[in-house]
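Under my numbering, the first residue of the sequence shown is numbered 0, with each subsequent residue one higher.
For the record, the hints were derived by calculation from the structure and aren't laboratory data.
Take the hints with a grain of salt, since some may be wrong.
[What the hints assert, rightly or not] Per label pair, the in silico range of CB-to-CB distance:
(1) R6 x Q46: 55 to 61 Å
(2) M13 x A44: 44 to 50 Å
(3) R6 x R38: 43 to 49 Å
(4) A26 x I4: 19 to 25 Å
(5) A44 x R6: 51 to 57 Å
(6) L20 x T59: 56 to 62 Å
(7) L47 x K10: 38 to 44 Å
(8) S8 x S37: 39 to 45 Å
(9) M15 x L47: 45 to 51 Å
(10) T51 x A26: 45 to 51 Å
(11) L47 x I4: 27 to 33 Å
Using N, Cα and C, we set each Cβ at its ideal position, and we do this for glycine too.
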Amino acid sequence: MNRFIYRSSLKQRMWMACILLTVLCIAATGVMSYYIASRVTENNAFQLSQNTLNLNYESTTS
Numbered sequence: 000m001n002r003f004i005y006r007s008s009l010k011q012r013m014w015m016a017c018i019l020l021t022v023l024c025i026a027a028t029g030v031m032s033y034y035i036a037s038r039v040t041e042n043n044a045f046q047l048s049q050n051t052l053n054l055n056y057e058s059t060t061s
């Protein structure tokens, strides 16, 4: 791997670094959006279950 990097021209190394940085940024964005979406979904599911329990409790006490 090192031999390949050192044999490459500066222009090729810059392109590889740019592509690697772009891929890492896209991957980080994907991971963070997945994390945020899972947290929102979890919170919404919890809220919905709480609402369902409250509705069931109110209908049995009335």
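Hints and how they fare:
Distance hint check for R6 and Q46: the Cβ-Cβ separation is about 58 Å, which falls inside the suggested range of 55 to 61 Å. At about 46 Å, the CB distance of M13 to A44 agrees with the hint of 44 to 50 Å. Distance hint check: the CB atoms of R6 and R38 are about 46 Å apart, consistent with the given range 43 to 49 Å. Separation of A26 from I4 is about 21 Å and conforms to the stated range, judged on CB atoms against 19 to 25 Å.
Between A44 and R6 the beta carbon distance is about 54 Å. The supplied range of 51 to 57 Å therefore holds. For L20 and T59, the hinted distance range of 56 to 62 Å is satisfied, since their beta carbons lie about 59 Å from each other. Checked against the hint of 38 to 44 Å, the C-beta distance between L47 and K10 comes to roughly 55 Å, which is inconsistent with it. Taking 39 to 45 Å as the suggested C-beta distance range, the pair S8 and S37 conforms, at roughly 43 Å.
The hinted window of 45 to 51 Å between M15 and L47 holds, with their beta carbons roughly 48 Å apart. Roughly 37 Å separates the CB atoms of T51 and A26, a value that falls outside the hinted 45 to 51 Å. In this structure the hint that L47 and I4 lie 27 to 33 Å apart at CB is violated, the actual value being about 53 Å.
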